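Trainee: Line by line, the protein sequences are chains A and B. Okay, so the first sequence: first residue is 294 according to this note's numbering, each after it adds one. Okay, so the second sequence: first residue is 291 according to this note's numbering, each after it adds one.
Any given hint might turn out to be false.
[To be verified] Here are the simulated BS3-like cross-link-like pairs (lysine-lysine), alpha carbons at most 27 Å apart as the crow flies:
1. A:K408 with B:K638
2. A:K595 with A:K662
3. A:K410 with B:K764
4. B:K840 with A:K318
5. A:K408 with B:K773
6. B:K793 with A:K318
[Unchecked claim] Which chain A residues face chain B? A few, computed with CB under 7 Å, are given here:
7. L313
8. G323
9. Y402
10. L464
Calculated directly from the structure, the hints in this document are not laboratory data. The structure presented is a predicted model; accordingly, all values stated were derived computationally and were not measured. Each residue gets a CB set at the ideal place from its N, CA and C atoms; glycine is no exception.
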Amino acid sequence: MDRADAEARRRAALAIRQKLLPLLKEIEKGNPPKLVIPKRTFSNTNFDKEKGFLVMGEETLERHLLDAGEARRFMQTILMASIIYQALVENEYPTIRDLYYRGKHTITYMDLAGKVKEENTWDEQDESDAVLRDIEVMTDLLREEMLILSKEKGKMVGDMRIRSGPDVIDLSKLGHGAYAIESTPDLIEFLDVNAEFVLVVEKDAVFQQLHRIGFWKQYKCLLMTGAGQPDRATRRLVRRLNEELGLPVYVITDSDPYGWNIFSVFKVGSITLSYESERLATPKARFLGVSMTDIFGDKGKKPYLTAEERKNFIIKAKDADVKRAKDLQQYPWFQTKKWQREIELFLEKKAKLEIEALVGKGLKFLAHKYIPEKIQGGDWIE
Amino acid sequence: MSNAESYRGMNVSEFFAKHKEVAGFANPTRAIYQTIRELVENSLDAIDGSEEGRKTIKPHIKVVVEKVEASGRGNEEKTWCKVTVEDNGIGVPYTVMPNAFAKVLFSSKYVLKQARGMYGIGVKAAVLYAQSTTDSGIDVVSSTALLEDVYSRKLRIDTLNNEPIINAYGSWKKPTAWRGTRVSLVIECDWARARSKVLEYMARTALIAPYVQITFQTPEKELYIFPQKTSTIPPPPKEANPHPHGIDVETLKQMLAATKAKTFREFLERDFQSVGKKSSLYFIRELKKKVKEIKEDTPPAEVYQKFNGLLSTIVDMMKTFKFKPPQSNYLSPLGEELIVTSLKSMYKPEWAAAIRRPPRSYQGHPFIVELGMAYGGEIQPSEEPLLLRFANKIPLLYEVGEDVSYKIMKEIDWRQYKVEFPAPLVILVHVVSTKIPYKGVGKESISEVPEVEQEIRNGMLELGRRLREYISSKEREEEVKTKILAVSKYLPEIARSLVVLSKEPHSWKPPKPGEEKEVLLGLIKLVSSHVKLPEKESSEEVIRKILGVKKSGQG
Ligand SMILES: Nc1ncnc2c1ncn2[C@@H]1O[C@H](COP(=O)(O)OP(=O)(O)OP(=O)(O)O)[C@@H](O)[C@H]1O
Ligand SMILES: [Mg+2]
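Work out the full structure: start from the sequences and follow the hints.
Mentor: Structure, rendered in structure tokens:
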């Protein structure tokens with residue numbers, strides 16, 4: 294096993310023990326045991342202007358064994374911690390599904406009437422996933438750091454070599470395929486890279502089209518996609534590329550509140566999982582498009598679409614989109630002139646546009662005009 | 291044919307022979323119940339009758355009902371029963387035997403004393419019923435503590451003259467120190483119908499007289515034994531003088547005629563209760579304002595003769611004058627303790643309580659109301675409380691709807707006391723008095739005398755409050771237990787997980803089954819010391835039960 298792996302295991306196991314072993318002492322002393330867990334609520338989520346991403350606040354909650362309403366969750370938390378711990382020391386790589394199955398068993402007891410009763414430690418994976426999140430915030434370790442695997446969805450190509458486990462992978466020699474970003478991106482070692490920026494596209498289909506047209510070769514970039522809502526590994530890798538290699542990151546999404554939100558997850562983190570942002574957010578990420586002003590133009594800016602094209606490609610916004618836009622309008626990290634203009638335009642026009650619409654205008658238009666021109670012209674939103 | 295009305299007098303025995311329902315002998319079903327009841331109640335009175343006797347003799351009543359061949363023409367269809375009741379009470383002197391058992395309105399209980407008997411009718415009504423249905427009389431065998439012989443008599447009632455007829459005499463030397471009375475009668479009966487009522491009567495009698503052992507043999511030769519439940523016997527009731535508030539003109543006349551007192555003032559002090567030196571003086575002073583001639587030293591006979599027309603004025607004054615209230619120390623209630631003991635042994639409830647209300651009086655008669663309540667356990671839940679009514683230690687089984695206690699019980703909103711029907715609730719009401727305000731001669735229900743009603747209501751409400759307290763504390767206990775359960779069921783899982791975490795990474799070995807034992811015991815201790823049950827049961831016991839963990843070793 295390689296050293297990075299072993300080191301990660303040692304660190305995670307230690308952190309888990311440090312957090313939970315004191316319970317044994319308390320029990321010995323006869324003190325009611327409790328777990329102190331940082332609150333994963335919206336109200337305990339702050340935007341750190343300096344850092345540029347969402348951070349968890351100071352609020353914590355206590356989970357008491359002796360509280361009838363909390364006892365089950367208390368048990369589940371400790372159970373989950375023990376499973377993760379055991380997997381770490383036994384050199385395993387459980388998925389969250391594995392954790393669910395390993396911890397799921399039936400406890401038998403006698404009710405007050407003397408009847409034998411059965412109850413599962415947890416029933417749905419939702420329950421085990423939730424306690425996993427509790428353990429992440431309690432131990433200040435992300436699941437990747439505890440060597441827990443998640444479904445892989447992110448992809449990447451580019452002129453770059455990395456070491457993953459014992460192997461060296463050349464990300465420029467994958468044919469029409471791409472490198473599937475592994476669940477534990479922290480174990481990747483960057484060997485050498487020949488690229489000037491990172492381009493993240495929301496949609497897998499567009500990623501493939503840009504890949505086939507040789508975009509990354511021609512424009513010296515690392516091409517990535519999160520295929521919709523990006524998973525954690527993709528976000529972590531984007532962050533590392535930005536932070537460790539100093540590569541600027543551009544994101545292209547649909548032109549609608551949903552797309553903005555995906556960008557926002559890359560940039561500042563997810564609102565409900567703010568504890569991850571510290572390691573997953575890329576505060577310097579730039580929103581390249583598609584922007585409202587690309588569609589409609591603005592003072593001193595010519596639109597990329599003709600009136601005719603707009604008529605064909607634009608989709609009418611739904612009420613839910615409008616509502617979401619109004620929410621986004623309030624968030625601190627959207628309080629820039631350009632973002633406010635963007636959202637205002639949207640609310641005014643009530644129009645959405647998919648990236649595919651630009652491809653409809655011609656893949657070459659997207660690859661050789663739209664993207665390079667916008668990057669060169671500095672036409673992005675921070 | 292003349293249309294003229296014909297007039298004649300009727301004597302009292304003829305009256306009861308003709309109007310059997312008045313004394314509770316309306317039909318063969320009621321009759322067997324009523325016969326047993328009259329005899330058993332006389333026996334109970336005889337047992338309560340002497341204090342010394344009861345200290346050495348364990349009170350015992352034996353009741354035997356047998357089917358006998360109906361004899362005589364036309365009687366083939368009918369069922370006859372022989373009822374025999376024996377007690378070891380004070381006995382009846384042979385001289386009074388004929389009158390006591392065969393002369394209507396002859397009684398030893400025409401005194402102010404708490405007794406079951408009161409009219410001097412009971413056993414004679416049964417004899418009249420026997421005479422008219424089976425043409426037979428009554429057999430009595432009895433002896434008192436002082437007599438050396440046992441005496442037997444076969445008696446009948448001469449209904450035309452209301453006089454006893456003695457059909458046979460007998461007497462023999464007592465081989466042992468036996469005292470008591472055995473009485474048998476043969477009557478027409480419907481045993482099959484009466485059976486359940488009679489059994490209920492027996493059970494309830496045993497409940498209210500727990501110091502007496504009662505055995506009962508049915509015609510099917512089943513033997514029911516209601517053992518003596520306590521040897522603490524409440525002191526027997528004592529005879530009392532009348533209270534001036536309870537007096538009427540007729541009684542006053544009789545008392546004036548019979549008194550041994552020399553002066554009117556002495557008469558008041560001697561022959562009445564609650565009249566002292568001061569109150570007699572004040573009373574006469576007050577009386578003089580209306581009846582000038584009366585003086586403290588007027589002889590009672592003179593009052594009787596001279597002031598005949600003014601007696602009602604004296605009675606009115608007696609009724610309104612503020613004497614001390616009637617004395618209740620003549621009364622013999624059962625006592626809270628005995629009521630609880632009885633309820634517990636009869637119904638096996640999870641909770642029982644009793645209360646004795648302070649003595650009070652109505653119309654010059656002192657009375658005490660005592661109540662009991664039992665809840666849960668083996669009591670069968672029902673749509674309304676099971677009401678057990680007693681008066682002077684006899685159970686009242688019929689006419690429940692008429693009874694003041696039933697009325698009060700129905701008026702109470704039991705939900706206020708955390709009782710939701712159907713509920714397992716038994717309420718016992720016992721009224722003792724020198725005169726029970728019955729609604730009728732059958733002695734089956736008590737009337738709505740305001741004073742009595744108030745005491746019954748207050749007592750019932752007070753017990754209701756205690757019941758609510760009990761139910762609440764039980765609910766609290768349930769709450770705690772539920773909490774213990776909610777927490778405890780997870781302890782083994784927590785213990786196992788903690789043991790996993792306690793293993794060092796470098797010397798990692800998965801824990802062996804059972805290795806969590808110590809942590810688990812620690813957790814059990816911890817939970818039981820922090821989540822405490824309000825009463826006796828220990829939390830730790832409850833947790834061990836939930837988890838199936840034995841005290842000593844392997845769980
Ligand atoms: N078993 C008995 N032992 C002793 N005395 C008895 C017994 N049975 C009856 N007597 C005497 O006979 C009397 C008459 O009894 P009876 O039942 O006719 O009337 P009572 O009990 O006085 O009044 P009630 O009509 O209310 O029953 C009693 O007062 C009592 O003195
Ligand atoms: Mg009687």
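Trainee: Does the alpha-carbon distance linking K595 of chain A and K662 of chain A stay inside the 27 Å limit?
Mentor: holds, 14 Å
Trainee: With a cut-off of 7 Å on the beta carbons, see whether L313 of chain A makes it to chain B.
Mentor: holds, 5 Å
Trainee: Quick check on Y402 of chain A please, does its C-beta sit within 7 Å of some C-beta on chain B?
Mentor: Cβ of Y402 of chain A sits 4 Å from chain B, so the hint holds.
Trainee: Against chain B, with CB atoms and a cut of 7 Å, does the hint on G323 of chain A hold up?
Mentor: With a closest approach of 6 Å, the G323 of chain A hint holds.
Trainee: Given the hint that K408 of chain A pairs with K638 of chain B, test it: the Cα-Cα distance must not exceed 27 Å.
Mentor: holds, 24 Å
Trainee: Is the Cα-Cα distance between K408 of chain A and K773 of chain B 27 Å or less?
Mentor: Judged against 27 Å, a Cα distance of about 17 Å means the pair holds.
Trainee: Hint check: K410 of chain A vs K764 of chain B, CA-CA at most 27 Å. Holds or violated?
Mentor: Given that 27 Å is the threshold and the Cα spacing comes to 23 Å, the pair holds.
Trainee: Would you mind confirming whether the straight-line C-alpha gap from K840 of chain B to K318 of chain A stays at or under 27 Å?
Mentor: With Cα atoms ~25 Å apart, K840 of chain B and K318 of chain A stay inside 27 Å; holds.
Trainee: Does K318 of chain A sit within 27 Å of K793 of chain B, going by the straight-line distance between their CA atoms?
Mentor: holds, 14 Å
Trainee: Measuring from the C-beta of L464 of chain A to each C-beta in chain B, is the shortest one below 7 Å?
Mentor: violated, 35 Å
In summary, the one numbered hint that this structure violates is 10.
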